[in-house]
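Peer 1: Sequence:
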Amino acid sequence: MPNTTQSGDDWPRLAHYVVIRRRELGLSQAEAARIAQFGARNTWINMETGTTKPRDSKWAGIERALLWARGSVQAILSGAEPTLADSIGAEDEEVEDPARIIRDTVNRSDWDEGTKRALIAIVEDAEARLAEIRKSSSDVHSFRPIA
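Residue 147 is where the sequence shown ends in the numbering used here, and the numbering goes up by one at each step.
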């Protein structure tokens, strides 16, 4: 599928924002690539270094991995700021709460009690980290444009 973006889009700016946001979230490149459902970690690395431009079909995955609202990649490429997924509410179904998914898994009846307790501790830690990330990311203006 060809990349249908215009040639004037600011790809170095997108790469800069992606690196900053991934680091803010404490994600490795491999984790971000997995969440974005990129086929390989190298695809993510190449995007961050500006070696390759992600296809339009990959934008939703980038936004999902970085907890950005739909349309944020295009906004950055056009010179605007990204929008955090939290600021648009629960209507963005592509961004799921990972702690909720894990909690649902923990509550399966086939886990023994020791395993459940250990997993619950992990979930509680993940929820605390997610709350910290959301709190520190609540100001969209924390993104610094490149000079």
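Treat the hints with caution; some may be incorrect.
[Claimed, not checked] Dumping the calculated DMTMM-like pairs for lysine to aspartate or glutamate here, alpha-carbon to alpha-carbon at most 25 Å:
#	residue 1	residue 2
1	Lys53	Asp9
2	Lys53	Glu81
3	Lys53	Glu31
4	Lys53	Asp10
5	Lys53	Glu24
6	Lys58	Glu113
7	Lys58	Glu48
8	Lys58	Glu31
9	Lys58	Glu81
10	Lys58	Glu24
11	Lys58	Asp9
12	Lys116	Glu127
Calculated from the structure, these hints are not laboratory results.
Peer 1: All hints are to be evaluated individually against the structure, with a verdict given for each.
Peer 2: How the hints compare with the structure:
| no. | hint | verdict |
| --- | --- | --- |
| 1 | Lys53 - Asp9 | 10 Å, holds |
| 2 | Lys53 - Glu81 | 19 Å, holds |
| 3 | Lys53 - Glu31 | 19 Å, holds |
| 4 | Lys53 - Asp10 | 10 Å, holds |
| 5 | Lys53 - Glu24 | 22 Å, holds |
| 6 | Lys58 - Glu113 | 40 Å, violated |
| 7 | Lys58 - Glu48 | 14 Å, holds |
| 8 | Lys58 - Glu31 | 15 Å, holds |
| 9 | Lys58 - Glu81 | 19 Å, holds |
| 10 | Lys58 - Glu24 | 21 Å, holds |
| 11 | Lys58 - Asp9 | 16 Å, holds |
| 12 | Lys116 - Glu127 | 16 Å, holds |
Consistency note: the structure conflicts with earlier hint 6 alone.
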